[in-house]
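Sequences listed follow chains X and G, in order.
Under our numbering, residues 1 to 160 are what the first sequence spells out, in order.
Under our numbering, residues 1 to 789 are what the second sequence spells out, in order.
Derived from the structure by calculation, the hints contain no laboratory data.
Each hint should be verified, as a subset may be incorrect.
To be verified - Computed cross-link-like contacts, SDA-like style, restricted to lysine to any residue with a CA-CA straight-line distance of at most 20 angstroms:
{"hint": "1", "chain 1": "G", "residue 1": "K4", "chain 2": "X", "residue 2": "R88"}
{"hint": "2", "chain 1": "G", "residue 1": "K126", "chain 2": "X", "residue 2": "T41"}
{"hint": "3", "chain 1": "G", "residue 1": "K588", "chain 2": "G", "residue 2": "L577"}
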Amino acid sequence: MRISLTVNGKPVSGEVEPRTLLVEFLRNQLGLTGTHVGCDTSQCGCCVVHVDGESVKSCTMLAVQADGCSVTTIEGLAKDGELHPLQRAFNEHHGLQCGFCTPGMIMSAADLLQRNPDPTEHEVREWLEGNLCRCTGYHNIVKAILAAAQSMRAMAKAAE
Amino acid sequence: MAEKGIGARVPRKEDLRFITGRGHYTDDINLPGQAYAVFVRSPHAHARIKRIDKASALSMPGVLAVLDGQDVAADKLGNLVCGWLVKSKDGSPMKMGKHPLLAQEKVRYVGDRVAVVVAETYHQAKDAAEKLVVEYEELPAVVDLAKAHDSSVLVHDEIPNNLCYDWELGDKAAVDAAFAKAHHVTRAEFVNNRLVPNALEPRAAIGHWDPGQDAYTLHMTSQNPHVHRLVISAFIGIAPEHKLRVVAPDVGGGFGSKIFIYGEECVVLWASKKIGGRPVKWTAERSESFITDAHGRDHVTTAELALDAEGRFLALRVNTKANLGAYMSTFSSCIPTYLYATLLAGQYKTPAIYCNVRAYYTNTVPVDAYRGAGRPEASFLLETLVDQAAIEMRMDPADIRRKNFIPKDAFPYQTPVALVYDTGDYATVFEEALRIADYNGFPARRAESEKRGKLRGIGLSCYIEACGIAPSAVVGSLGAGVGLWESAKVRFTHTGKVQVLTGTHTHGQGHETTFAQLVADKLGVPFEDVEVIHGDTDKTPVGMGTYGSRSLAVGGEAIVKACEKIIAKGKKIAAHLLEASEADIEFKDGKFTVAGTDRSKTIGEVVFAAYVPHNYPAGLEPGMEETAFFDPPNFTFPAGTYVCEVEVDPQTGEVDIVRFVAVDDFGNVVNPMIVEGQVHGGLVQGIGQALLEGVRYDDSGQLLTGSYMDYCMPRASDVPFFEVVTSRGTPAVANSLGVKGCGEAGAIGAPAAVINAIRNAIGVRVEMPATPERVWRAIQQSPMLKAAE
Numbered sequence: 001m002r003i004s005l006t007v008n009g010k011p012v013s014g015e016v017e018p019r020t021l022l023v024e025f026l027r028n029q030l031g032l033t034g035t036h037v038g039c040d041t042s043q044c045g046c047c048v049v050h051v052d053g054e055s056v057k058s059c060t061m062l063a064v065q066a067d068g069c070s071v072t073t074i075e076g077l078a079k080d081g082e083l084h085p086l087q088r089a090f091n092e093h094h095g096l097q098c099g100f101c102t103p104g105m106i107m108s109a110a111d112l113l114q115r116n117p118d119p120t121e122h123e124v125r126e127w128l129e130g131n132l133c134r135c136t137g138y139h140n141i142v143k144a145i146l147a148a149a150q151s152m153r154a155m156a157k158a159a160e
Numbered sequence: 001m002a003e004k005g006i007g008a009r010v011p012r013k014e015d016l017r018f019i020t021g022r023g024h025y026t027d028d029i030n031l032p033g034q035a036y037a038v039f040v041r042s043p044h045a046h047a048r049i050k051r052i053d054k055a056s057a058l059s060m061p062g063v064l065a066v067l068d069g070q071d072v073a074a075d076k077l078g079n080l081v082c083g084w085l086v087k088s089k090d091g092s093p094m095k096m097g098k099h100p101l102l103a104q105e106k107v108r109y110v111g112d113r114v115a116v117v118v119a120e121t122y123h124q125a126k127d128a129a130e131k132l133v134v135e136y137e138e139l140p141a142v143v144d145l146a147k148a149h150d151s152s153v154l155v156h157d158e159i160p161n162n163l164c165y166d167w168e169l170g171d172k173a174a175v176d177a178a179f180a181k182a183h184h185v186t187r188a189e190f191v192n193n194r195l196v197p198n199a200l201e202p203r204a205a206i207g208h209w210d211p212g213q214d215a216y217t218l219h220m221t222s223q224n225p226h227v228h229r230l231v232i233s234a235f236i237g238i239a240p241e242h243k244l245r246v247v248a249p250d251v252g253g254g255f256g257s258k259i260f261i262y263g264e265e266c267v268v269l270w271a272s273k274k275i276g277g278r279p280v281k282w283t284a285e286r287s288e289s290f291i292t293d294a295h296g297r298d299h300v301t302t303a304e305l306a307l308d309a310e311g312r313f314l315a316l317r318v319n320t321k322a323n324l325g326a327y328m329s330t331f332s333s334c335i336p337t338y339l340y341a342t343l344l345a346g347q348y349k350t351p352a353i354y355c356n357v358r359a360y361y362t363n364t365v366p367v368d369a370y371r372g373a374g375r376p377e378a379s380f381l382l383e384t385l386v387d388q389a390a391i392e393m394r395m396d397p398a399d400i401r402r403k404n405f406i407p408k409d410a411f412p413y414q415t416p417v418a419l420v421y422d423t424g425d426y427a428t429v430f431e432e433a434l435r436i437a438d439y440n441g442f443p444a445r446r447a448e449s450e451k452r453g454k455l456r457g458i459g460l461s462c463y464i465e466a467c468g469i470a471p472s473a474v475v476g477s478l479g480a481g482v483g484l485w486e487s488a489k490v491r492f493t494h495t496g497k498v499q500v501l502t503g504t505h506t507h508g509q510g511h512e513t514t515f516a517q518l519v520a521d522k523l524g525v526p527f528e529d530v531e532v533i534h535g536d537t538d539k540t541p542v543g544m545g546t547y548g549s550r551s552l553a554v555g556g557e558a559i560v561k562a563c564e565k566i567i568a569k570g571k572k573i574a575a576h577l578l579e580a581s582e583a584d585i586e587f588k589d590g591k592f593t594v595a596g597t598d599r600s601k602t603i604g605e606v607v608f609a610a611y612v613p614h615n616y617p618a619g620l621e622p623g624m625e626e627t628a629f630f631d632p633p634n635f636t637f638p639a640g641t642y643v644c645e646v647e648v649d650p651q652t653g654e655v656d657i658v659r660f661v662a663v664d665d666f667g668n669v670v671n672p673m674i675v676e677g678q679v680h681g682g683l684v685q686g687i688g689q690a691l692l693e694g695v696r697y698d699d700s701g702q703l704l705t706g707s708y709m710d711y712c713m714p715r716a717s718d719v720p721f722f723e724v725v726t727s728r729g730t731p732a733v734a735n736s737l738g739v740k741g742c743g744e745a746g747a748i749g750a751p752a753a754v755i756n757a758i759r760n761a762i763g764v765r766v767e768m769p770a771t772p773e774r775v776w777r778a779i780q781q782s783p784m785l786k787a788a789e
């Protein structure tokens with residue numbers, strides 16, 4: 001089956017089997033290997049991308065379902081060479097170790113912050129229910145997300 | 001301290017590629033012409049293979065090969081081996097059951113490899129694997145460790161009682177004598193729950209035989225590529241060592257599980273040759289990880305502590321059964337012995353200790369090192385036993401510990417279980433932890449919780465750990481099949497940039513940053529000018545890899561030694577250029593200076609002279625590249641005190657960790673930010689063991705906890721922010737940096753702190769994982785709570 005969609009701002013199309021998962025299409029056909037696969041039961045969240053602006057586990061969506069959609073992956077999060085505030089905060093606050101869960105964590109957190117620009121620690125932890133990390137104990141991930149939220153609020157205020 | 005040198009909180013160099021999705025994990029790599037492997041695995045815990053009919057699988061579209069145990073035998077490939085020979089107390093060697101790459105005659109656990117299907121695409125391989133006909137004769141299985149000895153079922157027909165070894169350590173007579181005169185004996189039984197490591201990147205491999213060069217390349221998820229190369233060459237016999245390149249690119253966590261030599265990686269390498277030299281790729285699904293990655297822990301123990309009337313420890317007696325699973329994994333024998341019983345002294349001056357360990361086969365996934373490896377099991381039983389003793393003797397758990405700590409002036413301290421602790425100051429660390437946690441203010445907090453209908457508890461855990469296992473001669477005398485040194489090469493380029501090639505491997509630990517800080521500090525070059533290279537046996541010097549919190553204490557010291565050689569050679573060159581005596585040259589902050597003058601050459605100028613030796617000392621080799629190997633004289637011994645405070649809901653049994661303080665002695669610290677991160681991660685794995693995680697098999701040997709739907713991984717909402725202090729270090733003496741390991745501490749110390757806190761809240765020790773159901777049931781039985789009613 002042929003699908004056409006926008007990925008990281010660019011139009012793409014490809015032939016897929018009906019059973020092809022969105023994550024398989026992104027990784028194997030588009031070579032966007034920043035989106036990872038860490039489980040087979042839709043629990044780990046390593047594969048989170050944005051579909052039409054909302055976070056989605058790309059292992060839980062068929063590629064054909066993304067036909068006509070706009071998909072953003074971790075590779076498309078930085079704009080014009082500028083890292084997203086979440087990417088910067090993960091680096092500054094040591095929010096990653098092995099890096100495998102990181103793309104999903106950042107994409108998931110980006111969706112949180114567009115819905116809730118000023119989350120509490122509790123809200124961040126609850127939001128990450130669908131993202132597993134085995135390295136960091138979540139401590140610095142939560143710190144990084146709270147710090148990014150703060151800097152994004154400051155940026156938004158400055159732009160007013 | 002240089003701005004980005006030793007001691008600085010430098011953000012990590014490696015982060016950029018990971019936060020932008022540009023890492024290169026094994027599954028991200030695709031080689032031209034690559035085929036795909038899918039394994040057919042045993043659905044039975046124990047069965048005889050009656051017949052394998054490949055025809056229907058071979059007739060499926062795209063199938064290139066179907067290989068089974070008979071093909072492995074026909075090609076005379078060797079068995080997987082355990083590399084540490086443990087002897088029973090009667091002197092007999094451990095009994096190692098045969099472990100072929102693909103099962104021959106029998107399968108011994110659910111997940112055992114029966115065959116591999118190689119096809120043009122992943123989906124074709126998967127479809128064909130489902131068509132493979134395997135006829136089994138089911139056999140009864142032995143699943144429960146406690147029943148392994150007396151079971152009529154033998155996992156390996158030739159190994160009686162399923163007993164691999166019956167090992168002991170310590171002075172039994174002295175312990176018996178001490179118990180005979182004890183004022184009080186505290187006794188307890190423990191189950192140390194079986195865990196699945198669950199690195200978030202599943203294992204993966206791409207094997208490639210190049211027919212033109214008759215050479216092999218194996219990309220794989222490895223913590224120790226040179227060890228993989230050695231075993232695949234010397235024991236499995238697929239390729240000679242000099243014709244085999246193992247590449248471990250970015251690796252998404254290991255925690256021990258990627259140390260070991262498993263069958264799958266060997267099989268894809270072999271299969272590449274069987275199909276004529278096309279690369280063969282395999283990536284584990286998570287449900288495969290659950291039934292193939294070596295599990296951790298799984299002990300059943302009886303422990304007894306003898307005390308005098310004042311609460312001083314007189315002796316400790318421990319009897320442990322350890323589960324090996326169906327086969328011996330690469331280092332499985334040493335985990336419940338030399339990495340377990342040797343740690344039973346903990347932080348205490350207990351004069352006599354005896355430990356007996358019997359290791360058994362069962363029809364379950366093989367068990368091996370998982371973060372902490374033996375040391376969490378030792379620390380958990382000791383620290384919960386000490387608490388129980390305090391309760392029985394009506395002492396404060398803090399006071400009983402104070403009474404028994406090895407004092408600061410007793411180091412080096414010879415324990416009764418073989419180790420010599422180099423340095424430590426346990427009492428100071430302990431008091432610091434209690435001060436931060438406001439231990440004395442706990443009764444008020446408990447009263448406040450009570451008003452809200454909650455049960456509050458506080459728990460202590462004082463762990464000891466041994467890291468950087470060494471020296472090679474000693475571990476060799478104890479049965480290790482390898483040396484445990486480490487290597488480094490420090491290479492300058494013409495333009496003064498530095499490449500550091502290390503035999504260790506980073507899979508989350510941040511070596512690319514920490515080692516660059518080290519070199520920037522030692523050689524006075526900018527941090528940004530140092531690149532750390534690892535994970536490729538064709539690039540780095542032979543090294544032993546990363547596990548046991550050894551990378552900085554052993555591998556980092558090898559880098560220091562290589563830097564010292566660079567400086568020594570630089571002094572000769574500088575002396576020549578400055579027309580001074582070599583003995584008068586001093587090196588500091590990247591400059592060679594004639595002592596007492598302002599005449600100097602930068603290290604960049606000296607390096608350039610070494611590569612463009614137009615004006616150069618006669619007889620001195622050109623170039624600036626030095627290799628060093630380091631074999632430490634001893635382990636390092638990190639230690640610390642953890643204080644956990646919980647609130648238990650008596651209606652639901654739910655445990656909420658409201659506060660967790662960790663004060664660790666890691667000696668000197670190179671990058672405190674990275675070290676704290678290691679502690680956070682370890683703590684949550686330890687809390688996971690205490691509250692959430694635990695493997696369950698049914699009686700027939702089916703794994704009931706085989707996915708993230710039923711194996712409970714810690715999530716962000718399960719844990720609080722931690723209060724971590726790493727500045728109370730006593731420098732280690734086994735390396736010039738004074739550093740100790742930090743990677744495993746959290747996982748070692750946390751479980752006892754959590755379980756002690758729950759006991760303090762409800763009056764009963766709950767087995768791990770202390771799920772709400774178990775806690776609720778314990779509350780119903782609690783004498784403390786009944787008395788309060």
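TODO: For the pair supplied as a hint, G:K588 and G:L577, confirm whether the alpha-carbon distance does not exceed 20 angstroms.
DONE: Satisfied, since the Cα-Cα distance of roughly 17 angstroms is no more than 20 angstroms.
Task: Satisfaction of hint between X:R88 and G:K4, Cα-Cα up to 20 angstroms - done: 19 angstroms, holds
TODO: Mind checking the alpha carbons of G:K126 and X:T41 for me, to see if they're no more than 20 angstroms apart?
DONE: Holds, at roughly 18 angstroms.
Violated hints: none; the structure is consistent with every hint.
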